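Chains as they are written, first to last, in numbering that gives the first Met the number 0: chain C, 0 to 321; chain V, 0 to 310.
These aren't lab readings, by the way, just hints derived from the structure by calculation. All values reported here derive from a predicted model rather than from experimental measurement. One should not assume that every hint holds.
[To be verified] Which chain V residues stay away from chain C? Per the calculated CB distances, all over 12 Å, these:
| hint | residue |
| --- | --- |
| 1 | T54 |
| 2 | R77 |
| 3 | N225 |
[To be verified] Per the computed footprint, the stretches of chain C lying under chain V, defined by three or more beta-carbons under 8 Å from a beta-carbon of chain V, are:
| hint | region |
| --- | --- |
| 4 | 110-124 |
| 5 | 204-218 |
All residues carry an ideal CB built from backbone N, CA and C; glycine is no exception.
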Amino acid sequence: MPQRRGSPFTGVSVVFRKEIADHIGGMRMRVLEWLVLLTGIGAIYTAIQDLRTTTAEDPFLFLRLFTHARSPLPSFVSVLVFLVPLVAIGLGFDSVNGEFNRRTLSRILAQPIYRDALLFGKFLACLATLAIALATLWLLVIGLGLVTLGVPPNSEEILRAGAFLIVAITYGGLWLAVAIACSVFFRSAATSALTALGLWLLVSIVWPLLVEFVVTAIYPPDPAMLLFGGGPSLGSLELQQRLSRLSPSTLFGESVLGLLHPSTRALGPIFMSQLEGAVPGAPLGLGQSLLLIWPQVTGLLGAMVMLFVTAYVAFQRQEVRA
Amino acid sequence: MNSILLSVCGLKKRYGPINAVAGIDLELRRGEILGLLGPNGAGKTTAILMMLGLTEPSDGTIDIDGFDPRRDPLEVKRRVGYLPDSVGFYDNLTARQNLRYTARLGGLPRPKIEAKIDRSLRRVGLDPVADRRVGTFSRGMRQRLGIAEILMRGVKLAILDEPTSGLDPQATFELLEIIRDLKLDGTAVLLSSHLLDRVQAVCDRVALFHEGRIVLEGTVPELAQNVLGAGYVFEVEVVGAGVRRLIAHLEGVREVTEDDGILRVLADRDLRAELAQAVVRSNGSLFRLSSAEPSLDAIYRHHFEPSHAAA
Chain C
0 MPQRRGSPFT GVSVVFRKEI ADHIGGMRMR VLEWLVLLTG IGAIYTAIQD
50 LRTTTAEDPF LFLRLFTHAR SPLPSFVSVL VFLVPLVAIG LGFDSVNGEF
100 NRRTLSRILA QPIYRDALLF GKFLACLATL AIALATLWLL VIGLGLVTLG
150 VPPNSEEILR AGAFLIVAIT YGGLWLAVAI ACSVFFRSAA TSALTALGLW
200 LLVSIVWPLL VEFVVTAIYP PDPAMLLFGG GPSLGSLELQ QRLSRLSPST
250 LFGESVLGLL HPSTRALGPI FMSQLEGAVP GAPLGLGQSL LLIWPQVTGL
300 LGAMVMLFVT AYVAFQRQEV RA
Chain V
0 MNSILLSVCG LKKRYGPINA VAGIDLELRR GEILGLLGPN GAGKTTAILM
50 MLGLTEPSDG TIDIDGFDPR RDPLEVKRRV GYLPDSVGFY DNLTARQNLR
100 YTARLGGLPR PKIEAKIDRS LRRVGLDPVA DRRVGTFSRG MRQRLGIAEI
150 LMRGVKLAIL DEPTSGLDPQ ATFELLEIIR DLKLDGTAVL LSSHLLDRVQ
200 AVCDRVALFH EGRIVLEGTV PELAQNVLGA GYVFEVEVVG AGVRRLIAHL
250 EGVREVTEDD GILRVLADRD LRAELAQAVV RSNGSLFRLS SAEPSLDAIY
300 RHHFEPSHAA A
C-alpha cells in the first residue's frame with residue numbers, strides 16, 4: 000500500500016463553513032433550539048422563584064440556578080442531560096448517509112479532497128453549532144440570574160459554570176460521534192436516527208435499571224445486614240458504580256455534581272474513617288473539584304474519540320457507489 | 000508533453016469471488032473522446048472509480064497525466080472532473096451556490112470563482128436559472144449543471160458516467176452537443192454508457208465492455224470492419240418483387256435484412272450505384288437510397304450472439 004501524498008486537511012475549512020451555514024440556517028436547528036430554550040428557561044424560571052427567598056444563605060447562589068429543582072419540573076442540569084444528546088443526534092444522524100442519499104457523495108469526493116476532510120469538517124461543524132447553541136443558553140441563564148436575583152456571581156462561580164459548559168459540550172460531542180457513526184454505518188437516515196436514539200434511551204433509562212438488576216443477581220441482599228440496619232455490601236456498591244459509569248449520562252451527571260456542588264468530596268462510596276476531621280458541607284477549591292471529576296471527563300472524551308475513530312475507519316473503507 | 004493523458008494497464012477489481020473488472024488496458028490521448036460502452040454491470044463504473052482513486056484496485060496500474068491515483072489522489076482529482084451516474088446536488092442551495100462550494104473545495108483562486116461560474120453556466124445554458132434552487136431542476140438540468148462544474152474547474156479529463164441515461168431525446172441531444180463543446184476546450188472525455196447508438200456519434204473511439212473486460216476497441220468503422228466483416232451500410236426503400244434476392248447476389252454484399260419495407264444492406268465497399276442499377280433492372284420502384292453509419296448495437300450483438308447474424 001503506497002503512502003498517499005497531500006494533506007488530509009485540504010478542504011476541511013470549506014466543508015466546515017458550508018455545513019455550519021446549513022445548520023444555522025436550517026429548519027431542524029431552529030426546532031431544536033426552541034425545544035432547548037423553552038424547557039431550559041422553564042426549569043430556570045421555577046428555580047429562580049425558589050432562590051429569591053434564599054439569596055443571603057448560599058455562597059454559591061448562581062450555581063444553584065443550574066441545579067435547583069422544584070417539582071414537577073426538573074432542574075436545568077437534568078433537562079440538559081436529556082436534551083443535549085437529542086440535539087447532538089438531531090444534528091448528526093444524517094451527516095454522511097444524507098450525502099449518499101442525495102447522491103452528492105461521489106461528486107464531492109471526486110473533488111481534490113480526501114474523505115478525511117469531509118468527515119472532520121462535518122464533525123467540527125456539528126460540534127461548533129452545538130457549542131454555539133449551548134453557550135447561548137448558558138449566557139441566557141446567567142443573564143436571567145443577574146436580572147432576577149440581583150446578585151452578581153463571584154469569579155469562582157463563573158469559572159465553575161464555564162467548566163460546566165465545557166463538560167456539557169464534551170458530552171454533546173460524544174453523542175455527536177454516536178450519531179455520525181450511525182450515519183456512516185446505516186444507509187437509511189431513519190434507521191440511523193432510530194439507532195442513535197435507541198442507544199441514547201438504552202444508556203440513559205434502561206441501563207440504570209439493568210445495573211440494579213445485575214447487581215442484586217450477583218450480590219443478593221444479605222438478610223442479616225438488613226436486620227441490623229446496615230447498607231448494601233461494599234462489593235455490590237462498587238460493582239454498581241462501575242457498571243453505571245459505562246453510561247455517558249452517569250459520567251456527565253457525576254462531573255456536573257462535582258462542578259456545581261462544590262461541597263462534593265467524593266463520587267464513590269466513602270468510609271466514616273475518611274471523613275474524620277472534615278468540616279461537613281465545607282466547599283472544595285475549584286482545582287480539587289476538577290481533580291475529582293477528571294476521570295469522568297477523560298472517560299467522556301475517550302469515548303468520543305473512540306466512536307469517532309470507528310466511524311472514520313468505517314467511512315474510509317466504504318464503497319462510494321450505490 | 001506526452002500525448003497520452005490516461006493509461007491503464009492490467010486493471011483488476013475483485014469483490015469476493017466476483018471479478019467486477021477482470022484486467023483492462025486502455026489509453027486515452029489528450030483531447031480525445033472515448034466511449035466506454037457496454038451493458039449495466041459490465042464493470043464500467045468500477046473502472047472509473049478506480050481511475051479517480053475512489054475505489055482501491057485489486058491489481059494493475061493507472062497513470063493520469065503522470066500521477067497514480069493510489070499515491071497522488073489529490074493531484075489526479077485536480078486534473079479530472081467526474082459526473083457520476085444520476086448526479087446529485089444540494090437541493091436547498093442555488094445552482095451558483097453549489098458550484099461555488101465545489102470551486103472552493105477545488106481550491107480555485109477566490110477572485111476568479113464568480114466569473115468562472117458565470118461563464119460555465121452560460122455555456123451549458125443555465126444562466127437564466129443560476130439563482131434558483133437546484134431542488135426545482137429537472138434531470139437534464141442537473142446533468143448540465145454537472146458539466147458546468149467540470150467546465151468551471153478547467154480539468155484535463157472529464158469522466159462522464161451514463162450522462163444521458165433517463166433523459167428525453169431533446170435533452171440527450173443538447174447534452175451531447177455540450178460534450179462536443181468540452182472537446183473544443185482540449186478536454187479529453189471518457190464517456191460511459193449502455194445506450195450504444197446514442198453516444199457513438201460523439202465518440203472518436205469506443206471500447207466495448209463485457210463482463211469486466213474490454214472486448215473490442217477502436218473507431219466505429221474499424222469495429223464494423225472487424226466484427227461485421229464490412230464497413231458500409233445502406234438503406235434502400237424499394238417496392239418490387241425479387242429485388243431483395245437480386246441485391247443479395249450483388250458482389251460485395253454481406254448481408255441484407257428487411258425491416259418494414261426498408262432493406263438494410265451491409266457491404267464491403269460503396270455500392271450505391273450498383274444498388275440503384277439492381278433496383279432498376281428488376282423493375283422495382285426506388286424511393287430512397289442512403290448510406291448509414293454501421294450501428295454499434297449491431298456490432299455488439301453480432302459479436303456476442305453469432306446466431307443473430309444469420310437471420
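Right, here's what the structure says about each hint:
| no. | hint | result |
| --- | --- | --- |
| 1 | T54 | violated (7 Å) |
| 2 | R77 | violated (4 Å) |
| 3 | N225 | holds (32 Å) |
| 4 | 110-124 | holds (count 4) |
| 5 | 204-218 | violated (count 0) |
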